[in-house]
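Trainee: Respectively, the protein sequence lines represent chains B and G.
For the first sequence, counting from 1, position 174 maps to 174 in my numbering; every step adds exactly one.
For the second sequence, counting from 1, position 67 maps to 67 in my numbering; every step adds exactly one.
These are calculated hints, taken from the structure and not from any lab test.
Among the hints, a few may not be true.
[Unchecked claim] Partner residues aside, some chain B positions facing chain G, computed with beta carbon under 10 Å: (1) Gly39; (2) Ile49; (3) Val59; (4) Phe180.
[What the hints assert, rightly or not] Among the chain G residues that face chain B by a calculated CB cut under 10 Å, a handful are: (5) Met25; (6) Ile58; (7) Met79; (8) Ala93; (9) Pro95; (10) Met98; (11) Phe101; (12) Gly113.
Ideal Cβ positions, reconstructed from N, Cα and C, are used throughout, including at glycine.
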Amino acid sequence: MWCFIAQDGFSFGGLLLAYGILRFTAVDWPRPDHVLGIGLTAVATFILILSSVSMVMSVEAAKACDQKRTAKWLGLTILGGLTFLGIQAYEYTHLVGLGIGFTSSVFDGVDINDLFGSTFYAVTGFHGLHVTAGVIYLMCIYRGVLKGKYTQGGMSYSAVELVGLFWHFVDLVWILVFTFIYLL
Amino acid sequence: MNDSSHTSSEHGAAAAHGDGHHGSMVGTYVTVLLVLAFLTVIEIFVPIVYDAGHNGAIKMLLLVSLAFGKAMIVAWYFMHLKWEARWVRWVAAMPIYMGIFAVLLMLESYYRGVGIQG
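Make a model of the complete structure from these sequences and hints.
Mentor: What follows is the structure, given as structure tokens:
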């Protein structure tokens, strides 16, 4: 899992690198915090951090062979991921309504650098796909938890720990994306 | 790769080992959550404080260090790197190379752009 995360980190690194170069060399890049809604995204960021906490709680419960608590915390993690995706879907709809598209960006009736929309959707969309994959992965593990597969002591909890690693990685990447795309 | 996590727990100190370990970890996680929340609030205020467009370098430095600091905290505590073997930490640290690469390429293309314009 660590090797996968490292190579996935390179994928995100590549996207952020391209974004950095395009933005750094552009003369008419708009201030992201003037175009994007920081407040709502801050809430989404906080929800993702909370879902990381519920994830570690679930791993601890699985280590302690407590099936009920493992399921409860894992369920809350899934709920956090779904809420994040819901907020992102709302945000995309809102931005498209404003005129920020994948290939052309219009804000307040004025044409802005088209790359603003392109890089925004490429980076946050790639991350959103990771959240979606993570939620599906979490749901598969949740099924196993309900069957009692991962709370039998020994190393049986490791499947929960591994999904946790992936989930924290998605959270970690979002922390960087939130800063670079929204705040900087 | 998970056995090393036991070194941090009070092995055998508590009568019920599972509960003792659990209790100590919950405290750590809550502290980490509070630190992350606090840093996020600071982060959100940085662009508001530096709204006038001046001090762009300070704003960038503040935001980038806050973001990487938070990312390190998540990796260190939530992803249990604190309790992992050294080689796992090295594997996890590999993508940091992209950061160095990014800075170099951004500076290069920036100065090339300035050269073309001037």
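Trainee: For each hint, tell me whether it holds in the structure or not.
Mentor: Each hint, compared with the structure:
A cut of 10 Å between beta carbons decides the hint on Gly39/B: the least distance to chain G is about 8 Å, and the hint holds. The closest approach between the C-beta of Ile49/B and any C-beta of chain G is roughly 5 Å, which is under the 10 Å cut-off, so the hint is satisfied. Residue-level restraint check for Val59/B holds (minimum Cβ-Cβ distance to chain G is 9 Å; threshold 10 Å). Given the 10 Å rule on beta carbons, the hint for Phe180/B holds: about 7 Å separates it from the nearest Cβ of chain G.
The interface hint given for Met25/G is met, as the beta carbon of that residue sits about 5 Å from the closest beta carbon of chain B, less than 10 Å. Here the hint on Ile58/G is broken, as its CB sits about 12 Å from the closest CB of chain B, past 10 Å. Proximity of Met79/G to chain B holds as hinted, the smallest CB-CB distance being about 5 Å (cut-off 10 Å). Below 10 Å, beta-carbon pairs count as interface contacts, and Ala93/G has one with chain B at about 8 Å; its hint therefore holds.
Interface hint at Pro95/G: satisfied, since its Cβ lies 3 Å from the closest Cβ of chain B, which is below the 10 Å cut-off. At about 3 Å, the closest approach between the beta carbon of Met98/G and any beta carbon in chain B falls short of 10 Å, and the interface hint on this residue holds. The beta carbon of Phe101/G comes within 7 Å of a beta carbon in chain B, closer than 10 Å, and the hint placing it at the interface holds. Here the hint on Gly113/G is kept, as its CB sits about 5 Å from the closest CB of chain B, short of 10 Å.
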